[in-house]
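Chains A and B supply the protein sequences, listed in that same order.
Numbering-wise (this note's numbering), the first sequence opens with residue 1 and increments by one.
Numbering-wise (this note's numbering), the second sequence opens with residue 1 and increments by one.
Keep in mind that the hints were calculated from the coordinates and are not lab data.
Incorrect hints may appear among the rest.
Using 20 Å as the maximum straight-line C-alpha spacing, the simulated SDA-like pairs for lysine to any residue come out as follows [stated by the list, open to error]:
id, chain 1, residue 1, chain 2, residue 2
1, A, 836, B, 537
2, B, 26, A, 542
3, B, 539, A, 838
4, A, 130, A, 195
5, B, 20, A, 540
Rough simulated footprint, nothing fancy, chain B against chain A, three-plus residues with beta-carbon under 8 Å [to be verified]:
id, segment
6, 60-66
7, 269-275
8, 314-321
9, 382-394
10, 572-583
11, 605-617
12, 863-874
We put the CB at the ideal spot given by N, CA and C, even for glycine.
Here are the chains, one letter per residue:
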Amino acid sequence: MRRNTTIVIVIVLQFCCSFLFAQTGSTVEGKVLEEGGAPLPGVNVIVKGTSVGTTTDANGAFALSVPNQDAVLVFSFIGYKSQEVPVGSQSTFEIKLAADIETLSEVVVVGYGETKKESLTSAITSVKGKELVKSPQQNISNSFAGRISGVVASTASGEPGYDNSRLLIRGQSTVGNNSPLVVIDGVANRIGGLERLDPNDIESVSVLKDASAAIYGAQAANGVILITTKRGTKGKPVLSFNMNQGFVKPTRLPEMANSPTYAQILNEIQYYNNPGGGLNQIYSPENIQKFGDGSDPVNYPNTNWVDAVMRPVSLQSQQNLSLNGGGENITYFVSLGRRHQEGIYKNTNLDVEQWNLRINLDIKVSENFKIGVDLAGRDEKKVFPTEGAGNIFRATYRTYPTLPVYYPGDLPSAGLEGGNNPVIIATDKTGFDQQPLTVLNSLINFEYKLPFIEGLAVKGFFAQDQYFGSRKLFRKPWVAYVPNTSTTPTSYDPRKYGPVTPELTERDTTATLRTINLSLNYEKTIGKSFLKAFVAYEQNEIKGRYFETFRRGFLSDQIPEIDLGGSAPEESSNKGNSKHATRRNYFGRVSYDYDQKYLVEVQFRYDGSSNFPTGNEYGFFPSASVGWRMSEESWFQMESINNLKLRASYGLLGNDRINPFQYLNSFTLRNGAYVIDGTPVPTFGVFQLANPDITWETAKKLDIGIELGFLRRFTLELDYFNERRTDLLIPRTGSIPYVSGIVNEFGKPPIIPAENIGEVKNSGVEVQLGYNQTVGDFNINLNGNFTYNKSEAIFLDDAAGIPEYQKRIGSPLGSQLLYHSIGVFKTAEDLAAYPKLPGNQLGDLIFEDVNKDGQITANDRVREDLSNVPQIIYGFTAAITYKHFDLSILLQGQARVVQYVLPESGSVGNYFNSWAENRWSPNNIEGTYPRVDTRTSSSINGGLNRNDFWLYNTSFLRIKNVELGYNLPIGIAEKAKLSGARIYVNAFNLATFSDVKDFDPEGRSESAQFYPQQQIFNVGVNLKF
Amino acid sequence: MKYSIYVLIAIACCLVSCDKDFLEVKPTTVTDEALWKDAGLTEAYIINLYTGIRMADKEASDDEHNIGFGRGYHWAMYASVTDEAVYSNDDQTYLVQRGQLSPVLYGWTSTTWGRSYRGIREVNLALQNIGATPITDARRALLTAELRFIRAYRYFDLLKGFGGVPLIGDRVTTLTDDFSGLYDRKSINETVDYIKSELDAVIPILPQDPGSDWERGRATSTAAMGLKSRLLLYAASPLYTSGTNDVAKWQQAANAAKDIMDLNKFDLVKNLDADPAENYRKLFLSAPGIEDIFFREYSATSRAMAMERMNAPNGYGGWGGNCPMQNLVDDYEMMDGTPIDDPASGYDAQDPYVDRDPRFYASILYNGASYRGRQIETFLPGGKDSPAGNEPWNTSPTGYYLRKFLKESVGLDDWNNMGTSPWRYIRFAEILLNYAEAQNEAVGPDQSVHDAVNKVRNRAGMPNLPAGLTKVEMRERIRNERRVELAYEEHRYFDVRRWMIAEVVENQSARGIYITKNGNGTFTYAPKEALTGKTFAAKHYWFPIPIEEINASNGAIGQNPQY
């Protein structure tokens, strides 16, 4: 109906025009071509200053009546630079439109507003939601890697539900919390976070990397990620349906030693523990032979536990249905999504399913008054085995290959210890761990243009978020079998493992966040000057609580409900607590530009937080930035350079992500820690000492950037950045002596409160290079980004007594203190030639005598110059379209990064084959790996003397993403009653090139016992109705 | 329309509450504002000081209800860093056994340093604040004495590990303090004197017995006297006096023990079983009684480690943890009181487990011992509790398993009931042996010395020591009596050091037994090395002070010799 109305209006207008200009007018015609010569259909051709116009047809041709020879034709098309052509005496035109590679008209979301990309004066990178959906990832934090310069996104685990990336903006600048502030639709710290948002709902992601983030004040120092969800657009309803089916494999799993090798290793360990007994104390050569030849698989198995536990491929899928449209007064975006992932283990109950719903409405109440109403909710149903992924992989990598999965008759073996046969504990035979959660986000915003002053508007929003999380962990005994060799033939006795009786833990967690914002905005153009400003007030309040209850002594494992548990006092327990935090903030911004050439922006924020004591709650965070679009100057006459902008920003930002109440002495309950009169009583211990002066960390950020467009097809963006983080909140653990009695407990939060004493420098460069060209039917878009940054501790409370080369000062954050291994003691001569540790023997690692004192002591440990946060990250995207096909490729990599990995091996667990095959032994004195030992964690070559032999270079280059799509030709689609249809296949983590072979280089587990990152192959369709 | 918009904006402004206290949030944890003003919370804080913090991976966590004084029950016990035991799973015991103990590699030994000083500060914090607590002055005096007892025990832990240490007094160090005043290590004598004077001060104040308002498990005057007895015995020993053999010190030590004996309050438990071996075994499983002077109790909801599971033989599904060495086994006399190396003892190395001290059977599981319904099988080939059995990495490296402290009525999978035996810090048998040792050194082996030792031996079903022992012979018998009677009770490590015999006994190899089952069902016994590389260096008489401490003080705290 509406379309018909429009057509009628156009027809009427055209009629009028023809009538008005009938006497002097004439018809012109022509063709619009792309620079390469291909016709451009759909280009708007308008007579300037009128509403007369048309669009080009499929061949790029147009015909149009013009009033007279003075008329000017305006040719415009999305993605191309508009062109104005005077009609003059010409009646036929051939117009070539230049691609607008800078997409200058792009609008970028910034803190509390948006701005045109060309007006930006700071380092903000934006990526569109449609890019993110190309990664078939259920967790969108994993789609950031490689796509956004300056953002380090690394995934430590691929476990469904726990597979989010650690996001770091321009690396690390504090030893405390480095996570950026996430703002979703203008609401900071939104409950539910960004990870599980539906990528189909995301319009754009902006990353504030420099002082532009200062508008978020005391929470901004680690950078800010702004997520904007899609909104309705005026027009007829468009119903879209997207779905894909993924096939998931681990990126990389270790190859473990096989039975004969491991049997030999056990022999060697026994030999080292009792050298008199020779090299066959446990297994004879015949035994080892049998392990190898498979002649007696019952008694001499050769089990590949990795294969036994994992399935070759697991499934995941996503569906999304959305409706977008709207009329004059109301536009709407409605979306419903579902996601499903299953676990990688065979027969597992690991299953993660999510349903999410979003309704974003925009209502024009009157000409001056608009409101927006957003409602979003999601429900995550997550079920896991009772053992976490760490334990399942621990059991998988440790369990001897010489043990069978099943004894004859499908009787599961007990595994290495405690009945932890990984094939069993990855299933629901041990119970289940349900972790469902519901998140509700609501937002109402308004904008009222004050009628009495033009350009003045009041805006505001009210947002209320709710979180309901719960956990139901039900553990029950299971049965595994142990051989009984006293019978002939060997029989297999059942044994019960796990808890003696079933036991149930239930936990409920709720949280609410309420944010209220009100601002006064002003916008004015005076001549060539443009002024935009606002002042705002915002407050938010977060409240949370949890309650947990536990019961054991269940008579049966059939009904896992709390009230069916045992009734004795020792069979139940419970706990709970709550939290409450508030913030109150005043802030504003003034932006000014003159003639779109000279750009200036000033921001301030006055931030108050309940984390700090009265009188210290408030801090002031100003910032300023300037830009100069040199290419807009009239004197700028370089043909080859079509855009040149210089910009710089500087500001003060804060990081207040610390535990609250550190300004008070606090005590913690220790439940039943001590028994008096035979009964345990609750006691209170010191939790933390007060630091009455505590305040936020302060970051001073400088960014100098240059944006360049050249040779029409290239764009270059270059940034230098430098951050000085002072008042770093660190506990003084290095210089406070134990005799003070201010001593931290192992594995607990420090009782020493954080003090604002640390200082860190972080600087680097970012480069983004783009290229865009259309050749014939090909459109090629290439983009590369590269970031180098290095943190350097200026002060971190090192103890005074340690040598310079051990201090953290001058080193990157997180770098470890390790011995340097320089080889293996291969021969008795080696043992005599090098300084060594007490107890060193043949096959041990030789450590470097760093201080040349002739012995190996603690002073020979050296602070490494790299950490597991990469100093170099890079990405490369290629997007190529050809007729109905589109292909996109994303490469991603990191460099100058290390990870310490010491597998849990010995007689306590199996070895990576890389070690097993290359181990030093009396029979292999050329071995490059140290000899085997009872357990690596307490080995002289391992945990006892942490050393860099176990430091892996985890640089890698990944083919992160490849997607090939095909758009159904319009005709075919229409026959199917569709307005558009696309089918695609894609792959995620298709290939990884790295020195590390035994585990995925993004892993951060020091034992490599983690759920591996995922390789996903995906097929999908997008349909538009 | 316009009007309603203004109303809306007005409402929005109201929502932005102008509440001035918006940023004032009440803490949800206990702060000192609350703690010291509440008598119950203050007592809960004081009781907490009977436990200490975890300083290293291999120490009790909250779930394991935290370490007390010394180390107590844990996966790896103190016995496993001495010539009593080898811990099959290492847990940082081998670095001590192999002489690798250093300021960097100190496992769970030197952690006493940090734990004790934290405990001391927290005692001082209570002493500083207790004045404000709403309690009676009498109660305040009692709690103050209790706090000083706990502090004295923390200092004793420091003394036995490190020798003379910095004395902090009542000072509550704060974050902004200049720490340099804390680095002055006092001499051993000064440290001993301080602990002694603190104990002397609280003995008259603390109640002798628990009562209606003084629960069992809290400090008593007799606990303070017991600690004083041990303190003075240590202080008189060669390591503490640089071998000067100060008779006056021995006499003081003897007197301190005698003071407890003279109370006629404590006695040795004999009524648990007619069989002396069973009586001795059950002693360690039962609730504190007439023999117990200071102890820590556990319960089903406040358990120590799963000691039963940890130490049971692998053939039963246990983890074969703290396995007795042959070195200890050989020090149990024959039942007639002769040492096994006495040619007249009748000891047969090929039938070694007959007619031994009853305490051997109560403390140690050996091949052929009856246990949980069958006999222990540590023999090869095929022994269920040998490397040929279940989970071979949990088998005993020595050929023996621990029996002492462990309840045999508790199923080895019954996690909720394991680790509930009390840990006895000080029991009367020790006091008798303290007396015997000190009196023998002070005046020689008089009748009172014989009586004290024999009382301990007789209770265990052992005959009297032979008459006419010389002072030196008596010394050796008392030392052996301590080794056997107090095995695994966290004495041996410190005893061999204070006697300065560690260089001998801790340099002997860690021995075990290799038992072969012959075709005819008989056994052949051969010695074996249970743990390679057992060594002791003179520097290991004292713990190393952790390198962190040396560094934090920039070397101002003096390291122990030779580290």
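Check each numbered hint against the structure and report the violated ones by number, ascending. 6, 8, 9, 12
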